[in-house]
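Start from the sequences, fold in the hints, and give me the full structure.
Chain residues, written in single-letter form:
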Amino acid sequence: MPCESRRSIVIQFGLCLLLAPAVVLPARAQQEADRPPAPFVENSIDRWNRMSPEERERELAKLPPARARLIRQRIKRYNQMNPQAQQALRQRYQTFSQLPPDIQQVIRKRLREFRQLPSARHPAVHQEVEQLRLLPEPQRQASMNSDDFRTSFSPQEQQIIRDLSAYLPN
Amino acid sequence: MGVAAAATLDYDAELMLRVKQGDGTSFGVLLEKHRASVTHFVYRLVQEQAVAEELAQEVFLRVYRSRASYEPTAKFKTWLFRIATHLALNWIRDERHERGTERLDDVPADVPARQVSDRRPSVEDQLVYQVKLAEIRKAVAALPDKQRAAVLMHKYEEMEYAQIAKVLGCSESAVKSLLFRAYESLRARLAHMGRT
Amino acid sequence: MNCPIETRHTEMLVSYTAGELDQETALMLERHFAVCPACRSTATEQSVVWKALDAWEIPPVSLDFDRRLYNRIDSGARPTWWERLTLSFRPMPLRQSVPLAATAGLLLMAGLLLHQPGPVVSFTAPPSHIVRADQVETTLDDLDLLRQFGPPNSAESVHPDAM
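Residue numbers (our numbering), protein chains in the order written: chain A, 1 to 170; chain B, 1001 to 1196; chain C, 2001 to 2163.
If you're looking for bench data, these hints aren't it; they were derived computationally from the structure.
Be aware that a few hints might be false.
[Said to hold, decoys possible] Each pair of labels, with its calculated beta carbon distance range:
| # | chain 1 | residue 1 | chain 2 | residue 2 | range |
| --- | --- | --- | --- | --- | --- |
| 1 | C | Thr2044 | B | Gly1024 | 45 to 53 Å |
| 2 | C | Glu2024 | A | Pro53 | 52 to 60 Å |
| 3 | B | Asp1010 | A | Gln159 | 41 to 49 Å |
| 4 | C | Ala2055 | A | Pro83 | 49 to 57 Å |
| 5 | A | Ser146 | B | Gly1022 | 41 to 49 Å |
| 6 | C | Glu2024 | B | Gly1022 | 45 to 53 Å |
| 7 | C | Glu2057 | B | Asp1010 | 30 to 38 Å |
[To be verified] These stretches of chain C come out as covered by chain B in the derived footprint (C-beta under 8 Å, 3 or more residues):
| # | stretch |
| --- | --- |
| 8 | 2004-2016 |
| 9 | 2044-2058 |
| 10 | 2062-2073 |
Positions of the beta carbon are idealized from the N, C-alpha and C atoms, including for glycine.
Given below as structure tokens:
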């Protein structure tokens, strides 16, 4: 084979290699777009609601009456939520429940601590978490290392904000 | 104590051993069984509802946290009430130290309304009941700590002298002496109620 | 019989008024009451004390007692450094490890036999099955916590005690 032919084959092969992603990637993206959305997993309350009344009462009867009564009330309140709000909460719960268990525990701990803060502090801490969640990581870190952050929030509040802004699902 | 009662007590210890092995359901069973009696006992000692529940929770928390080292050397209920008594009496001593004097003249906010199932109590009945209740609470609160604990265990938990002795860490004869003096004081303060 | 007060055995009077004495001893005591006003009076006073203590009603335990307790247990549940270090090496009890190993083996075999790379299978609803009430309670607790950080100005962002 003449040298020039071999060279043109090599060049053509190289061009194919370079151009291949431009062809393959859109196809893959299209494939992913065509793929059905990630399945929505029912939570235990959804499954509870699909049980028959007899099955539900049977399960509740295994608990102390006061506790069973409270669970009934809470389920009723959940079922009576505004549908959009309920859907948003279910989505968030689904994301949360798919996190690693140790991360879930951190989130639970910080949310409980948040709840126990004086109610006057809730808006400020809440707002700070929401703002930091929107930032890219380097900026989030820089913000939390700032004097302004340290003087505006107590050490406990700083820890709550740090972890919730990092891990709390949207 | 009857065989059935002894078997029940053994069963509690058995449940606790299962908790030690990691069985959370058994802890739930123990909680269900003893929640009310521990909380009520602590309430009658400290006479504040919110505090009583916090302390009662602390009791079960300690039970849970010490599950790894649990050994059934005593009946489960004895151990449980030993923790409860210890926590409640510590709280009382701390409160007494902080407050200086005990304020039992105020009618507490968590006094329940009289539950009368067959007729509505009149306002007068309610007032009479409240006054009586305040006297009873005062009489019990006036007892020295260990006498108070002994009476409450003896009266409301129907514990025998031996068990009370183990809870309080003293001899049976000391318990008899505590109860003797406690009931004597209560008779002196409450006997007039029999004349109303 | 000997006088309980004189012999410093008033616990007998306490037991009598509590109905704890056997019938024979109770009868002997009642015969003694006929000749001892002091014992009779003490027994009457003790009965009044019992009645008063019986009348001492107390508030019921709060409905959320257990929930708060379990929250405290959860928030304090942190393995010690030793537990974390030895977790991997801790032998599992045989009655747990054997079925667990068998299940793992079966799952592995099933996975190897059934694995077929291909498009994602669309989700189908799981078969209806029983959910325990305490599982629901745990989910409610988590939802309760997550609701604190709902989107701004949404109906979801309400007081956490609302659920």
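Hint-by-hint comparison with the structure:
1. At about 51 Å, the CB distance of Thr2044(C) to Gly1024(B) agrees with the hint of 45 to 53 Å.
2. Separated by about 57 Å at the C-beta atoms, Glu2024(C) and Pro53(A) satisfy the suggested range of 52 to 60 Å.
3. Here the CB-CB span from Asp1010(B) to Gln159(A) is close to 46 Å, well matched to the stated 41 to 49 Å.
4. For the hinted restraint 49 to 57 Å between Ala2055(C) and Pro83(A), the CB-CB distance of approximately 52 Å keeps it satisfied.
5. A beta carbon spacing of about 45 Å between Ser146(A) and Gly1022(B) agrees with the range 41 to 49 Å that was offered as a hint.
6. For Glu2024(C) paired with Gly1022(B), a C-beta distance near 51 Å keeps the hint of 45 to 53 Å intact.
7. For the hinted restraint 30 to 38 Å between Glu2057(C) and Asp1010(B), the CB-CB distance of approximately 32 Å keeps it satisfied.
8. Look at the stretch 2004-2016 of chain C against chain B: 4 of its residues bring a Cβ nearer than 8 Å to a Cβ of that chain, three or more, so the hint holds.
9. Check result for the stretch 2044-2058 of chain C against chain B: holds, 14 residues qualifying (beta carbon to beta carbon below 8 Å, three or more required).
10. Coverage of the stretch 2062-2073 of chain C by chain B holds in this model, with 7 residues showing a Cβ closer than 8 Å to a Cβ of that chain against a need of three.
Checked against the numbered hints above, the structure violates none of them.
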